[in-house]
Amino acid sequence: MCSRFPISLALLLVLAGCHKAGSDIVADKGVANAGGVIDTALTPGVGRSLTTLDPRAEKYYDNGEAVMTGKRLFGQYNCSGCHSNGGGGMGPSLMDDEWIYGGRLEQIHQTLVEGRPNGMPAWGGKVPDEQLWQIATYVRSMSLPATLAAQNGPTPSQSPAPVPRAADEDTGWQPPPGTTNDYTTTVKGPQQ
Amino acid sequence: MKSLWSVAVSSLLPLCAAAQTVPAPVPQEEVFSASQIGQALSAPTPNAGKTAPSAANAPPDDGQWTMQAKNFASTRYSSLAELTQDNVKSMQPILTFSLGVNKGQEAAPIVAGSTMYITTAYPNFVYALDLSRPGAPLKWKFAPKPLPASQGVACCDVVNRGGSYSNGKFIFTTLDGQVIALDADSGKPVWRTRLANINAGETITMAPLIAKGKVYVGDSGGELGVRGWLIALDENSGKLLWKAYNTGPDSEVLIGSDFQPPYPSDKGKDLGVSSWPAQAWKIGGGSVWGWPNYDADLNSIYYGTGNPGPWNADQRPGDNKWTTGIFARDPDSGSAHWFYQFTPHDEHDYDGVNEQILLDMPFGGKMHKVLVHPDRNGYVYVIDRSDGTVLSADPYGPVNSSKGVDLKTGRLIINPDKQTKLGEEIHNICPTASGAKDWNPSSFSPDTGLMYIPHENICMDWLNMEVNYITGTPYVGANVHMKPGPGGHRGEVTAWDPVRRKPVWVVKENFPVWSGTAATAGNLVFYGTMDGWFKALNAKTGDLLWRYKVDSGIIGAPMTYKGPDGHQYVAVLSGVGGWSGAVVSGPVDPRDGSAALGMVNVMSDLPKYTTAGGTLYVFALPH
Numbered sequence: 001m002c003s004r005f006p007i008s009l010a011l012l013l014v015l016a017g018c019h020k021a022g023s024d025i026v027a028d029k030g031v032a033n034a035g036g037v038i039d040t041a042l043t044p045g046v047g048r049s050l051t052t053l054d055p056r057a058e059k060y061y062d063n064g065e066a067v068m069t070g071k072r073l074f075g076q077y078n079c080s081g082c083h084s085n086g087g088g089g090m091g092p093s094l095m096d097d098e099w100i101y102g103g104r105l106e107q108i109h110q111t112l113v114e115g116r117p118n119g120m121p122a123w124g125g126k127v128p129d130e131q132l133w134q135i136a137t138y139v140r141s142m143s144l145p146a147t148l149a150a151q152n153g154p155t156p157s158q159s160p161a162p163v164p165r166a167a168d169e170d171t172g173w174q175p176p177p178g179t180t181n182d183y184t185t186t187v188k189g190p191q192q
Numbered sequence: 001m002k003s004l005w006s007v008a009v010s011s012l013l014p015l016c017a018a019a020q021t022v023p024a025p026v027p028q029e030e031v032f033s034a035s036q037i038g039q040a041l042s043a044p045t046p047n048a049g050k051t052a053p054s055a056a057n058a059p060p061d062d063g064q065w066t067m068q069a070k071n072f073a074s075t076r077y078s079s080l081a082e083l084t085q086d087n088v089k090s091m092q093p094i095l096t097f098s099l100g101v102n103k104g105q106e107a108a109p110i111v112a113g114s115t116m117y118i119t120t121a122y123p124n125f126v127y128a129l130d131l132s133r134p135g136a137p138l139k140w141k142f143a144p145k146p147l148p149a150s151q152g153v154a155c156c157d158v159v160n161r162g163g164s165y166s167n168g169k170f171i172f173t174t175l176d177g178q179v180i181a182l183d184a185d186s187g188k189p190v191w192r193t194r195l196a197n198i199n200a201g202e203t204i205t206m207a208p209l210i211a212k213g214k215v216y217v218g219d220s221g222g223e224l225g226v227r228g229w230l231i232a233l234d235e236n237s238g239k240l241l242w243k244a245y246n247t248g249p250d251s252e253v254l255i256g257s258d259f260q261p262p263y264p265s266d267k268g269k270d271l272g273v274s275s276w277p278a279q280a281w282k283i284g285g286g287s288v289w290g291w292p293n294y295d296a297d298l299n300s301i302y303y304g305t306g307n308p309g310p311w312n313a314d315q316r317p318g319d320n321k322w323t324t325g326i327f328a329r330d331p332d333s334g335s336a337h338w339f340y341q342f343t344p345h346d347e348h349d350y351d352g353v354n355e356q357i358l359l360d361m362p363f364g365g366k367m368h369k370v371l372v373h374p375d376r377n378g379y380v381y382v383i384d385r386s387d388g389t390v391l392s393a394d395p396y397g398p399v400n401s402s403k404g405v406d407l408k409t410g411r412l413i414i415n416p417d418k419q420t421k422l423g424e425e426i427h428n429i430c431p432t433a434s435g436a437k438d439w440n441p442s443s444f445s446p447d448t449g450l451m452y453i454p455h456e457n458i459c460m461d462w463l464n465m466e467v468n469y470i471t472g473t474p475y476v477g478a479n480v481h482m483k484p485g486p487g488g489h490r491g492e493v494t495a496w497d498p499v500r501r502k503p504v505w506v507v508k509e510n511f512p513v514w515s516g517t518a519a520t521a522g523n524l525v526f527y528g529t530m531d532g533w534f535k536a537l538n539a540k541t542g543d544l545l546w547r548y549k550v551d552s553g554i555i556g557a558p559m560t561y562k563g564p565d566g567h568q569y570v571a572v573l574s575g576v577g578g579w580s581g582a583v584v585s586g587p588v589d590p591r592d593g594s595a596a597l598g599m600v601n602v603m604s605d606l607p608k609y610t611t612a613g614g615t616l617y618v619f620a621l622p623h
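Those protein sequences? They're chains A and B, same order as listed. Those letters in the first sequence? Residues 1 to 192, per my numbering, in order. Those letters in the second sequence? Residues 1 to 623, per my numbering, in order.
Hints in this document: simulated from the structure, not taken from any laboratory. Predicted model, so just to flag it, every value in this text is computed and none were measured. All C-beta atoms in this analysis are idealised placements derived from N, C-alpha and C, irrespective of residue type, glycine included. Be aware that a few hints might be false.
To give an idea of the chain B side of the interface with chain A (calculated C-beta under 7 Å), a few residues [said to hold, decoys possible]:
| id | residue |
| --- | --- |
| 1 | V22 |
| 2 | Q151 |
| 3 | D297 |
| 4 | G566 |
| 5 | V588 |
| 6 | D589 |
| 7 | S594 |
| 8 | K608 |
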């Protein structure tokens, strides 16, 4: 979860009229910190007001070199051991349109830094931050329409497209506009 | 928005479908025939005696099923005969029970007295059902709450191979490396011992073996650079009695003066160090996640060791002792009696952990105490278990990675054409990484003298790549793409005659057979398919006698028992998954053929046939 989550959770408590002991104080603190009323939603991080992009992510957009460096590092740090070439295995698929912890570049970076409870190791402090951004950029590229369209044969993500800035203007829990990578929507049964 | 999406998706479907086509099978002429590569020390002598387990290893059947393999001989055979080849067509489901876990279910239910015990895949729930009451209501449920992060170091789905009942306790393992003994009546823990360290890549998926007042358990993690071991715990207290590593110095492998391996290549000091590059044995694999046996005849423990790590064999020149082989050990001290290496310097992930069936069998004109072991490398080994000598080794699946076993030296004869190389993709290697057969156990019927081997017919392309060891992450170094073996069907059940060294019948299946088999005195063999059929075959002929479609693919091990009402029941868990089923039960995308260690390439159509699930099914004749 992103670091804003505790704040939005506190807000949810207020909005839901939850007045258990102590929750008001937490909520007040949250509002005070945020400096005003913030729209929120059930999906964490959804809504433009909560999706201010991390300025550190800026230089990795539209950056072909970062994607290719990330691809190399993805192999060297054994990311591919769990996530294969994006299709997953021990870890989840990264080339589909399902993001458990958010799919914006900065959210992926945060997942790399912090690790996640179901087996994703925390790499912050172990791998240079610049490299974590580059890996995140490659991961973000895997589900881009251009990257998926470039797949030739059974191994995807070999010609990863740079990540357009526009791809992350959505919330990160939905595929970017025009993405057609949801193979799970319709699975046909076997030919009789 | 919705309609726009569906238009866009459907327009892309043909492209996706093309990427998810199961590749063409390997041509028949690319694999060796049994007559080309099968070897034996002498011709079959079937008239020298009857093939059967000893009474000590397979006591008379009491109608219970208290350990995964049924008995120490691991026959998975029941002498119950209410169900027969003639009446099985009337068999019906009488009970189902949702496991609440939609991952690969590999355990056989355990029945002791009037209670059935079931372990699930992660999060490793244990259920006790009261068979004496209508509907078999829940007596208790135990949730061990394994560390969630353990899921991230489990190579091939988050499976569990079941528990075992002994002396009022139900003992099982958890993915995060615990062995837990529950009071069988109350479900309360008697002891719990943590053995594995998930931060080092260690997990536990195997069923514990309980014998001689001890619990024998090993670690999984051959794809994560673990150092494999087998541990003996005290059955009453959970205290560690001994630990034997499968790599490293003799003192830690528990190799001492009474170690007498049958072949010269296993003799020498500290081979577990010297057969590796410097320090590589410390992260060299040799995990233990299959089926140890206790042999009451010879007072010995046998267990297979897993693949060496990393998969990329260029990074570990040498024989990589004591991986991909089998140890015989003293059950009390752990000291090694003998060792035999099925696949020295394994280049194809051929773990040696598959089951052994302990039999008294005629060979060379007289009776031998043998173990019969269908290995991942494609051969059924018949080994004299008194000293580890290989009596015969014959292919039961597609093989071209080797050209037989040299019975003078015991050594597998490598086919140089299929050796893996750094930076060069080697095509059509048979069998595949998961082997001619993976974890799923065979059964043996003393009535027919046949062993019922559930297995795969899959080959692969393999590309070695440099890999760095990073603690707690995969240590593999190979890009693999699997494909069907000759004929295109991906699975088989083979009725194997270990005396005559040949199959009597073979049933072909579209998908790899990832379930175990169980045999009964009613001339029946049971198994399940990954597309969800539970089947009964005629044990003599292989004819299909009965089948029933369950909710999800079956990779579990069937079992049979006599209920409190005196009737015979057959039980199995559904729930597709495991390495081969991860494309359905796991977070895996079928568009990446290299996903799930290359298995997805050959299983990308499974989502068309089944969905994730997890249910106990119990069958019986109407009564």
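Here is what the structure says about each hint:
Interface hint at B/V22: violated, since its Cβ lies 10 Å from the closest Cβ of chain A, which is beyond the 7 Å cut-off. The interface hint given for B/Q151 is met, as the beta carbon of that residue sits about 5 Å from the closest beta carbon of chain A, less than 7 Å. The beta carbon of B/D297 comes no nearer than 40 Å to any beta carbon in chain A, farther than 7 Å, and the hint placing it at the interface is violated. Hint on B/G566 is violated. Least Cβ distance to chain A is approximately 42 Å, over the 7 Å limit.
Because the smallest distance between the Cβ of B/V588 and any Cβ of chain A comes to about 5 Å, under 7 Å, the interface hint for this residue holds. The criterion of a C-beta within 7 Å of any C-beta in chain A is met by B/D589, whose closest approach is roughly 4 Å, and the hint holds. Checking B/S594 against chain A: minimum C-beta separation of about 5 Å stays under 7 Å; hint holds. Hint status for B/K608 relative to chain A: holds, with the closest Cβ pair at about 5 Å, below 7 Å.
Taken one by one, the earlier hints fail for this structure at numbers 1, 3, 4, listed in ascending order.
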